[in-house]
Amino acid sequence: MNFVGSIKKYLVSSALIASFIFYAIFQRSNDTAVKKQIGNFSVENKASDINPTIVYKDGIFTGNSVNVDYGNVQVQAVIKNGKIADIKFLEFPTNHKYSAEVSAYSTPILRTEAIQVQSANVDVVSGATATSSGFIESLASALILAKK
Amino acid sequence: MKQERIMMGMPISIEIVDLGVKEKVFEQVFNFFTYVDEKFSTYKISSETSQINQGLIKENDYSEDMKEVIKLSAETMRQTNGFFTTTDVDGNFDPLGLVKGWAINKACLLLEKLGYKNFYIEAGGDIQTKGNNKDNKFWAVGIRNPFKLDEIIKVLSLSGQGIATSGTYLRGQHITNPFKLNSAITEIVSLTVVGPNIYEADRFATAAFAMGKAGIHFIENLTDFEGYVVDNFGVATYTSGFEKLTFKV
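Sequences listed follow chains H and E, in order.
Position one of the first sequence corresponds to residue 118 (our numbering), numbered consecutively onward.
Position one of the second sequence corresponds to residue 30 (our numbering), numbered consecutively onward.
Take these hints with a grain of salt, some might be off.
To be verified - Cut-off 30 Å, straight-line C-alpha distance, at most; resulting in silico cross-link-like pairs (DSS-like, lysine-lysine):
| # | chain 1 | residue 1 | chain 2 | residue 2 |
| --- | --- | --- | --- | --- |
| 1 | E | K87 | E | K51 |
| 2 | H | K200 | E | K277 |
| 3 | E | K166 | E | K177 |
| 4 | H | K264 | E | K273 |
| 5 | E | K177 | H | K174 |
| 6 | E | K51 | E | K177 |
| 7 | E | K73 | E | K166 |
| 8 | E | K31 | E | K51 |
| 9 | E | K73 | E | K87 |
| 10 | E | K163 | H | K197 |
| 11 | H | K264 | H | K174 |
| 12 | E | K166 | E | K273 |
Keep in mind that the hints were calculated from the coordinates and are not lab data.
Same shape as in the complex, but just chain E:
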């Protein structure tokens, strides 16, 4: 059974292939995403994030989830040499770079707790896989062509891992990068990271993308992570263990 909703400004899809899956379980997962949106959104005035930025909540009174996200953000910032940060340009607190992966991971733990073993949860192109698909094979996960959104340029075979892709819209002659107006011609447009779970994959994909061409080296140096980066010539560079994840017919 598969369901999809547009939430938090992005499509969220859930497919569960276990026998006897109940429809109400989808509702539970979507409700969790609603909760996350209400709590962490930077543009909802009532969210805890906004309240923190307005100085309305003391640190001791932060919710448990907020404390956890702040702790994880600090850890990620250290591990990525500051390429991951929760401080936005205006100096405000913005944890959203980490919250999506964190939320997908939590939602998967919820499904596991309810006894489900074969499913995936996808939110805005970031995916956590568990077990097998309806054909009792590993999940076949495509990587989207950053130049043509309806095409796939790689198919991976995943079971248990998380996969996240960071990127920008096509930058070509028509589109100018505000930071590197006269930059070298080779730039990255899409960076995919496969990791032990979606929380791990997402936070490192976000940070590695910000590193530009160096990002794929950063992923290569991490244990249990693989990466696939596409530059603006359509040339992909991938880590030494990536090939093993690709779908074999």
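Same shape as in the complex, but just chain H:
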């Protein structure tokens, strides 16, 4: 039993350490993803106005309110030391009742996995473009104001 107990302890502590490392790595990749998306997004009208290498004016700049599929998106960019320090949502699609109760939780037959990048050899891609394009459009208009 002692042996099993220590194995369990070992497993639990390894799992904790692993999840901590995963969390740390993920937070880092989150940062990179934000910068990369802001830097490389090319489909939208004004995405060229978002450029992480530009030195912006310090201050708080409010973007346009942009109509997306199910509401409006408006962001505010906070610039500190010439860089984007924070982006806040002033408006966000709200025509959903977040407070309502959801009945009937299903039994735990759901499965989980860490997402993994797959081969891009597909016919067509599903993704939530509407809100993100609104975000980029609003942010771009905020950053125009923040340009030196």
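Assemble the complex: chain H is given as a structure, and chain E must be docked to it using the hints.
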């Protein structure tokens, strides 16, 4: 043959692989989307939606399409315990949460009526598939990585189903959710629903996303629907029948 346009503020793409496909059929479908935009847009002052909100049209005089959308919206609101609604924050009527899926579905019915059997229509990341692709296999449909828009995190094999993804832009340390400023760390960033058609998939994806973490349970409880949700740690949760839809090499 494949064509793409930017309409209603989003890319709309159509691929038809049937032999002898005529170029003018694409025009017909795009014209239909223009009609939908003119009729339902909430920001075009001349649209029927705007006219309704200004009290300029009596209920009896609503167009047939408007009546249908209103009826379907009421039905969806009931089926989703109010998570789907057509009333916006200002109390105005806003049917757009349902109109995109409805329009893609109608456009596909138009193509079927014209005799086409192998195609897809995609509008802003929501897709209806029919038949097979150019290699005579089921359509290979990717799910976009919500953290890196040029990457794919899942490939599904679809023929006849609709697939819709609801989501927000990456919320991380840089971005604050206005509703849950001090919320738990695990939140959903992207929720994909596969259903019998795009109208069904889209309306339930919209509602399930609004439910937050509970949304995937809601999808699990629906017959003929599968879902794949990604949280802000990059961990995905999926329904019991989802695996069967994934692309096998």
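Now the hints, each set against the structure:
Note on E/K87 and E/K51: the hinted pairing is violated, with a Cα-Cα distance of about 41 Å set against a maximum of 30 Å. For the suggested pair H/K200 and E/K277, the alpha carbons sit about 45 Å apart, so the restraint of at most 30 Å is broken. Of the supplied pair hints, the one linking E/K166 and E/K177 holds, its CA atoms being roughly 28 Å apart against a limit of 30 Å. Taking the CA atoms of H/K264 and E/K273, the gap is about 50 Å. The hint is violated against a cut of 30 Å.
Note on E/K177 and H/K174: the hinted pairing holds, with a Cα-Cα distance of about 27 Å set against a maximum of 30 Å. The straight-line distance between the Cα atoms of E/K51 and E/K177 is roughly 36 Å, outside the 30 Å bound, and the hint therefore fails. Distance hint between E/K73 and E/K166 is unfulfilled; the C-alpha atoms sit about 41 Å from each other, more than 30 Å. Only pairs whose Cα atoms come within 30 Å are accepted, and E/K31 paired with E/K51 is accepted, the gap being roughly 11 Å.
Taking the CA atoms of E/K73 and E/K87, the gap is about 19 Å. The hint holds against a cut of 30 Å. The suggested pairing of E/K163 with H/K197 is violated, with an alpha-carbon distance near 51 Å, which exceeds 30 Å. Taken as a hint, the H/K264 and H/K174 pair is honoured in the structure, with Cα atoms around 6 Å apart against an allowance of 30 Å. Taken as a hint, the E/K166 and E/K273 pair is honoured in the structure, with Cα atoms around 16 Å apart against an allowance of 30 Å.
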